[in-house]
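Peer 1: Sequence:
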Amino acid sequence: MVMVPDGCAALITRFGKLEQVVGPGRIILLNPWKRVSYILNTTREYPFNAPVREAPTKGGVKASIDLFIQFRISDPVEFVYTLGAVRGFEEKLGNAVSETIRSLIYEQLAADIYNMVGEKTGRLLDQLNQQFRPAVELPNANITHAEPSDRKYRVDLAAPEMVRVAKESAAYEQEWGLTRKRRIDQLQMDIERAKKVRDARIVEVKASLNKAREQVAQLLEEQETNAQRVRFEIETRGRSGLIAAENEAKAQQRLAQAYRDNRAVLQYELALRRLEVGAELAGKAPQPVVVRTDGDGGADTSALATLLAAQLLPRPAALPSAERPAGGVGNDAA
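Counting from 1115, one number per residue, gives the positions in the sequence shown under our numbering.
There could be a bad hint or two in this list.
As the list claims (entries may be wrong) - List time: in silico BS3-like cross-link candidates among lysine-lysine, alpha-carbon distance up to 30 Å: (1) 1309 / 1320; (2) 1206 / 1176; (3) 1148 / 1172.
By construction, these hints were calculated from the structure, which means they are not laboratory data. Here the structure is a predicted model, which is why all the values come from computation and not from measurement.
Construct all of the structure, not just a fragment, from the sequences and the given hints.
Peer 2: Below you can see the structure in the form of C-alpha coordinates.
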(Lines of atoms letter the chains of each structure in order from A and count residues from 1; the text may use other names and numbers.)
(Lines give C-alpha, C1' and ligand atoms only; values in the text may rest on other atoms or scores of the structure.)
Protein backbone atom coordinates (compact mmCIF):
# COMPACT_ATOMS: atom_id res chain seq x y z
CA MET A 1 0.00 0.00 0.00
CA VAL A 2 1.34 3.44 -1.01
CA MET A 3 -0.05 6.87 -0.05
CA VAL A 4 0.24 9.54 -2.76
CA PRO A 5 0.15 13.14 -1.32
CA ASP A 6 -2.10 15.89 -2.63
CA GLY A 7 -0.85 17.60 -5.76
CA CYS A 8 1.31 14.63 -6.74
CA ALA A 9 1.18 11.88 -9.34
CA ALA A 10 2.58 8.36 -8.99
CA LEU A 11 4.03 6.28 -11.82
CA ILE A 12 3.40 2.53 -11.38
CA THR A 13 5.75 0.25 -13.36
CA ARG A 14 6.12 -3.46 -13.94
CA PHE A 15 9.61 -4.70 -14.73
CA GLY A 16 10.56 -1.07 -15.59
CA LYS A 17 7.64 -0.58 -17.97
CA LEU A 18 5.02 2.06 -17.19
CA GLU A 19 1.72 0.48 -16.33
CA GLN A 20 -0.36 3.29 -14.82
CA VAL A 21 -0.32 6.92 -13.64
CA VAL A 22 -2.43 7.55 -10.53
CA GLY A 23 -3.32 10.69 -8.64
CA PRO A 24 -3.42 11.51 -4.90
CA GLY A 25 -4.77 8.92 -2.53
CA ARG A 26 -4.13 5.42 -1.22
CA ILE A 27 -2.82 2.85 -3.65
CA ILE A 28 -2.91 -0.88 -2.98
CA LEU A 29 -0.72 -3.00 -5.25
CA LEU A 30 -1.96 -6.58 -5.33
CA ASN A 31 0.51 -7.67 -7.99
CA PRO A 32 3.90 -8.23 -6.38
CA TRP A 33 5.68 -7.36 -9.63
CA LYS A 34 4.24 -3.85 -9.71
CA ARG A 35 5.76 -0.98 -7.82
CA VAL A 36 5.59 2.82 -7.57
CA SER A 37 8.73 4.02 -9.32
CA TYR A 38 8.22 7.81 -9.14
CA ILE A 39 6.06 10.26 -7.15
CA LEU A 40 6.19 13.71 -8.72
CA ASN A 41 4.63 16.98 -7.50
CA THR A 42 2.76 18.58 -10.41
CA THR A 43 1.61 21.75 -8.60
CA ARG A 44 4.76 23.08 -6.98
CA GLU A 45 7.11 25.49 -8.75
CA TYR A 46 10.77 24.58 -8.33
CA PRO A 47 13.65 27.12 -8.47
CA PHE A 48 16.66 26.66 -10.73
CA ASN A 49 19.82 28.79 -10.84
CA ALA A 50 21.68 28.89 -14.13
CA PRO A 51 24.94 30.90 -13.97
CA VAL A 52 26.77 31.60 -17.24
CA ARG A 53 30.46 32.54 -17.09
CA GLU A 54 32.82 33.98 -19.68
CA ALA A 55 30.23 34.52 -22.41
CA PRO A 56 31.47 36.88 -25.18
CA THR A 57 29.55 40.08 -25.92
CA LYS A 58 29.15 41.81 -29.25
CA GLY A 59 32.49 43.57 -28.77
CA GLY A 60 34.32 40.42 -27.70
CA VAL A 61 34.37 41.29 -24.00
CA LYS A 62 33.68 38.42 -21.65
CA ALA A 63 30.61 38.74 -19.40
CA SER A 64 28.97 36.73 -16.62
CA ILE A 65 25.24 36.43 -15.97
CA ASP A 66 23.19 34.69 -13.25
CA LEU A 67 19.73 33.53 -14.28
CA PHE A 68 16.96 32.47 -11.89
CA ILE A 69 14.25 30.19 -13.33
CA GLN A 70 11.09 28.65 -11.92
CA PHE A 71 9.60 25.51 -13.47
CA ARG A 72 6.65 23.19 -12.85
CA ILE A 73 6.20 19.59 -13.95
CA SER A 74 3.13 19.41 -16.16
CA ASP A 75 3.46 15.88 -17.61
CA PRO A 76 5.09 13.34 -15.25
CA VAL A 77 5.47 10.68 -17.96
CA GLU A 78 7.25 13.01 -20.37
CA PHE A 79 9.37 14.40 -17.55
CA VAL A 80 10.61 10.95 -16.52
CA TYR A 81 10.90 9.09 -19.81
CA THR A 82 11.68 11.97 -22.20
CA LEU A 83 13.74 14.40 -20.13
CA GLY A 84 15.37 11.75 -17.94
CA ALA A 85 13.77 12.71 -14.64
CA VAL A 86 15.60 15.11 -12.34
CA ARG A 87 19.23 14.58 -13.41
CA GLY A 88 18.49 14.51 -17.08
CA PHE A 89 16.26 17.58 -16.83
CA GLU A 90 18.93 19.54 -14.92
CA GLU A 91 21.53 18.75 -17.53
CA LYS A 92 19.27 19.56 -20.45
CA LEU A 93 17.95 22.75 -18.81
CA GLY A 94 21.48 23.92 -17.95
CA ASN A 95 22.66 23.40 -21.55
CA ALA A 96 19.57 25.12 -23.00
CA VAL A 97 19.87 28.08 -20.64
CA SER A 98 23.59 28.43 -21.33
CA GLU A 99 23.04 28.41 -25.07
CA THR A 100 20.15 30.87 -24.90
CA ILE A 101 21.94 33.23 -22.52
CA ARG A 102 25.09 33.19 -24.60
CA SER A 103 23.06 34.16 -27.62
CA LEU A 104 21.49 37.02 -25.65
CA ILE A 105 24.90 38.19 -24.36
CA TYR A 106 26.34 38.08 -27.83
CA GLU A 107 23.70 40.55 -28.97
CA GLN A 108 24.64 43.07 -26.25
CA LEU A 109 27.50 45.54 -25.99
CA ALA A 110 29.78 45.34 -22.98
CA ALA A 111 28.56 48.70 -21.72
CA ASP A 112 24.96 47.49 -21.83
CA ILE A 113 25.56 44.31 -19.83
CA TYR A 114 24.51 46.03 -16.60
CA ASN A 115 21.17 46.92 -18.14
CA MET A 116 20.24 43.25 -18.48
CA VAL A 117 19.62 42.96 -14.71
CA GLY A 118 15.87 42.89 -14.15
CA GLU A 119 15.20 43.06 -17.87
CA LYS A 120 12.18 41.29 -19.29
CA THR A 121 12.99 37.72 -20.32
CA GLY A 122 9.89 36.90 -22.36
CA ARG A 123 11.85 35.77 -25.40
CA LEU A 124 14.06 33.57 -23.21
CA LEU A 125 11.02 31.93 -21.61
CA ASP A 126 9.42 31.34 -25.01
CA GLN A 127 12.55 29.58 -26.29
CA LEU A 128 12.88 27.41 -23.18
CA ASN A 129 9.18 26.48 -23.11
CA GLN A 130 9.34 25.44 -26.75
CA GLN A 131 12.14 23.06 -25.88
CA PHE A 132 10.67 21.48 -22.71
CA ARG A 133 6.94 21.37 -23.33
CA PRO A 134 4.78 19.45 -22.58
CA ALA A 135 6.87 17.87 -19.83
CA VAL A 136 7.78 21.07 -18.01
CA GLU A 137 6.29 24.56 -17.87
CA LEU A 138 8.62 27.52 -17.12
CA PRO A 139 6.42 30.40 -15.80
CA ASN A 140 9.10 32.83 -14.67
CA ALA A 141 12.74 33.75 -15.34
CA ASN A 142 14.80 36.67 -14.06
CA ILE A 143 18.38 37.87 -14.56
CA THR A 144 19.71 38.61 -11.08
CA HIS A 145 23.33 39.53 -11.90
CA ALA A 146 25.21 40.73 -15.00
CA GLU A 147 28.66 42.26 -15.36
CA PRO A 148 31.82 42.00 -17.48
CA SER A 149 34.19 39.27 -16.36
CA ASP A 150 37.37 41.38 -16.67
CA ARG A 151 37.90 43.45 -13.51
CA LYS A 152 40.05 46.09 -15.26
CA TYR A 153 37.43 46.53 -17.91
CA ARG A 154 34.78 46.84 -15.22
CA VAL A 155 36.80 49.61 -13.57
CA ASP A 156 37.34 51.41 -16.88
CA LEU A 157 33.70 50.95 -17.73
CA ALA A 158 32.62 52.16 -14.34
CA ALA A 159 34.91 55.23 -14.33
CA PRO A 160 32.51 57.50 -16.27
CA GLU A 161 29.68 56.14 -14.26
CA MET A 162 31.62 56.83 -11.08
CA VAL A 163 32.32 60.38 -12.26
CA ARG A 164 28.68 60.84 -13.08
CA VAL A 165 27.69 59.39 -9.74
CA ALA A 166 30.23 61.62 -7.99
CA LYS A 167 28.86 64.68 -9.77
CA GLU A 168 25.33 63.67 -8.97
CA SER A 169 26.38 63.04 -5.38
CA ALA A 170 28.04 66.47 -5.16
CA ALA A 171 24.99 68.12 -6.69
CA TYR A 172 22.78 66.16 -4.37
CA GLU A 173 24.91 67.17 -1.39
CA GLN A 174 24.77 70.82 -2.44
CA GLU A 175 21.03 70.64 -3.03
CA TRP A 176 20.59 68.83 0.23
CA GLY A 177 22.66 71.50 2.00
CA LEU A 178 20.45 74.24 0.55
CA THR A 179 17.34 72.27 1.36
CA ARG A 180 18.62 71.61 4.86
CA LYS A 181 19.43 75.30 5.34
CA ARG A 182 15.96 76.27 4.10
CA ARG A 183 14.38 73.72 6.39
CA ILE A 184 16.45 74.94 9.34
CA ASP A 185 15.48 78.55 8.60
CA GLN A 186 11.85 77.53 8.22
CA LEU A 187 12.01 75.60 11.47
CA GLN A 188 13.59 78.57 13.25
CA MET A 189 10.87 80.84 11.86
CA ASP A 190 8.25 78.34 12.96
CA ILE A 191 9.88 78.18 16.39
CA GLU A 192 9.89 81.97 16.71
CA ARG A 193 6.30 82.13 15.51
CA ALA A 194 5.38 79.41 17.96
CA LYS A 195 7.14 81.31 20.76
CA LYS A 196 5.22 84.46 19.89
CA VAL A 197 1.98 82.55 19.80
CA ARG A 198 2.92 80.91 23.10
CA ASP A 199 3.76 84.28 24.70
CA ALA A 200 0.51 85.75 23.40
CA ARG A 201 -1.42 82.82 24.78
CA ILE A 202 0.42 83.14 28.10
CA VAL A 203 -0.55 86.82 28.24
CA GLU A 204 -4.15 85.92 27.40
CA VAL A 205 -4.15 83.19 30.02
CA LYS A 206 -2.71 85.56 32.63
CA ALA A 207 -5.27 88.22 31.71
CA SER A 208 -8.03 85.65 31.93
CA LEU A 209 -6.65 84.47 35.26
CA ASN A 210 -6.50 88.02 36.63
CA LYS A 211 -10.01 88.69 35.36
CA ALA A 212 -11.22 85.48 36.94
CA ARG A 213 -9.52 86.44 40.21
CA GLU A 214 -11.14 89.88 40.09
CA GLN A 215 -14.51 88.31 39.40
CA VAL A 216 -14.01 85.86 42.25
CA ALA A 217 -12.95 88.71 44.57
CA GLN A 218 -15.96 90.76 43.47
CA LEU A 219 -18.26 87.80 44.01
CA LEU A 220 -16.72 87.21 47.45
CA GLU A 221 -17.14 90.89 48.30
CA GLU A 222 -20.74 90.82 47.11
CA GLN A 223 -21.38 87.67 49.11
CA GLU A 224 -19.77 89.25 52.16
CA THR A 225 -21.86 92.41 51.66
CA ASN A 226 -25.00 90.35 51.28
CA ALA A 227 -24.08 88.35 54.36
CA GLN A 228 -23.49 91.52 56.37
CA ARG A 229 -26.75 93.01 55.09
CA VAL A 230 -28.62 89.85 56.00
CA ARG A 231 -26.89 89.80 59.38
CA PHE A 232 -27.76 93.46 59.98
CA GLU A 233 -31.35 92.79 58.90
CA ILE A 234 -31.55 89.81 61.22
CA GLU A 235 -30.01 91.81 64.07
CA THR A 236 -32.33 94.75 63.36
CA ARG A 237 -35.35 92.51 63.21
CA GLY A 238 -34.25 90.76 66.40
CA ARG A 239 -33.58 94.07 68.13
CA SER A 240 -36.91 95.44 66.93
CA GLY A 241 -38.66 92.30 68.05
CA LEU A 242 -36.88 92.45 71.40
CA ILE A 243 -37.80 96.10 71.87
CA ALA A 244 -41.37 95.39 70.80
CA ALA A 245 -41.49 92.46 73.20
CA GLU A 246 -40.05 94.61 76.00
CA ASN A 247 -42.53 97.40 75.22
CA GLU A 248 -45.36 94.93 75.11
CA ALA A 249 -44.21 93.44 78.38
CA LYS A 250 -44.00 96.92 79.95
CA ALA A 251 -47.44 97.79 78.55
CA GLN A 252 -48.81 94.54 79.93
CA GLN A 253 -47.16 95.33 83.22
CA ARG A 254 -48.60 98.86 83.26
CA LEU A 255 -51.96 97.49 82.20
CA ALA A 256 -51.83 94.94 85.00
CA GLN A 257 -50.76 97.64 87.45
CA ALA A 258 -53.52 99.92 86.22
CA TYR A 259 -55.98 97.08 86.44
CA ARG A 260 -54.90 96.38 89.97
CA ASP A 261 -55.10 100.07 90.83
CA ASN A 262 -58.51 100.46 89.18
CA ARG A 263 -59.76 97.38 90.98
CA ALA A 264 -58.64 98.73 94.32
CA VAL A 265 -60.21 102.10 93.55
CA LEU A 266 -63.38 100.39 92.41
CA GLN A 267 -63.40 98.25 95.52
CA TYR A 268 -62.82 101.38 97.66
CA GLU A 269 -65.52 103.32 95.86
CA LEU A 270 -67.85 100.34 96.11
CA ALA A 271 -67.18 100.04 99.84
CA LEU A 272 -67.64 103.81 100.29
CA ARG A 273 -70.86 103.69 98.34
CA ARG A 274 -72.01 100.84 100.47
CA LEU A 275 -71.28 102.91 103.56
CA GLU A 276 -73.09 105.89 102.16
CA VAL A 277 -76.08 103.78 101.18
CA GLY A 278 -76.03 102.12 104.58
CA ALA A 279 -75.84 105.49 106.35
CA GLU A 280 -78.66 106.85 104.27
CA LEU A 281 -80.73 103.78 104.87
CA ALA A 282 -79.90 103.95 108.53
CA GLY A 283 -80.99 107.60 108.67
CA LYS A 284 -84.26 106.83 107.01
CA ALA A 285 -84.98 103.69 108.90
CA PRO A 286 -87.75 103.81 111.49
CA GLN A 287 -86.71 104.47 115.07
CA PRO A 288 -87.70 101.83 117.51
CA VAL A 289 -90.11 102.97 120.20
CA VAL A 290 -90.10 101.03 123.38
CA VAL A 291 -93.50 100.66 124.89
CA ARG A 292 -93.42 99.03 128.15
CA THR A 293 -96.25 96.66 128.46
CA ASP A 294 -95.22 94.99 131.63
CA GLY A 295 -97.10 95.77 134.72
CA ASP A 296 -94.20 96.74 136.89
CA GLY A 297 -94.65 100.54 136.57
CA GLY A 298 -98.36 100.59 137.03
CA ALA A 299 -99.08 101.52 133.38
CA ASP A 300 -102.14 100.63 131.41
CA THR A 301 -101.59 97.51 129.37
CA SER A 302 -104.88 97.21 127.70
CA ALA A 303 -105.40 97.08 123.95
CA LEU A 304 -106.99 100.46 123.87
CA ALA A 305 -103.99 102.01 125.46
CA THR A 306 -101.69 100.38 122.87
CA LEU A 307 -103.80 101.65 119.97
CA LEU A 308 -103.78 105.15 121.29
CA ALA A 309 -100.02 105.03 121.74
CA ALA A 310 -99.54 103.88 118.10
CA GLN A 311 -101.65 106.73 116.86
CA LEU A 312 -99.55 109.19 118.74
CA LEU A 313 -96.19 107.94 117.15
CA PRO A 314 -94.82 109.85 114.13
CA ARG A 315 -95.05 108.07 110.70
CA PRO A 316 -91.78 107.50 108.68
CA ALA A 317 -91.39 109.20 105.31
CA ALA A 318 -91.78 106.88 102.33
CA LEU A 319 -88.52 105.99 100.35
CA PRO A 320 -88.25 106.43 96.58
CA SER A 321 -89.19 103.37 94.56
CA ALA A 322 -85.66 103.02 93.14
CA GLU A 323 -84.04 103.11 96.58
CA ARG A 324 -86.66 101.04 98.36
CA PRO A 325 -85.02 97.91 99.63
CA ALA A 326 -86.43 94.54 98.96
CA GLY A 327 -88.94 93.52 101.51
CA GLY A 328 -89.99 97.13 102.20
CA VAL A 329 -93.57 96.35 101.48
CA GLY A 330 -93.59 93.65 104.01
CA ASN A 331 -92.10 96.07 106.55
CA ASP A 332 -94.66 98.72 105.77
CA ALA A 333 -97.36 96.15 106.05
CA ALA A 334 -95.92 95.13 109.29
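Peer 1: Take a quick look at whether residue 1148 and residue 1172 sit within 30 Å of each other, Cα to Cα.
Peer 2: violated, 56 Å
Peer 1: Sort out whether residue 1320 lies within 30 Å of residue 1309, counting only the CA atoms.
Peer 2: Status holds; Cα separation ~16 Å.
Peer 1: Between residue 1206 and residue 1176, does the CA-CA distance stay at or below 30 Å?
Peer 2: holds, 24 Å
Checked against the numbered hints given earlier, the structure breaks only hint 3 and satisfies all the rest.
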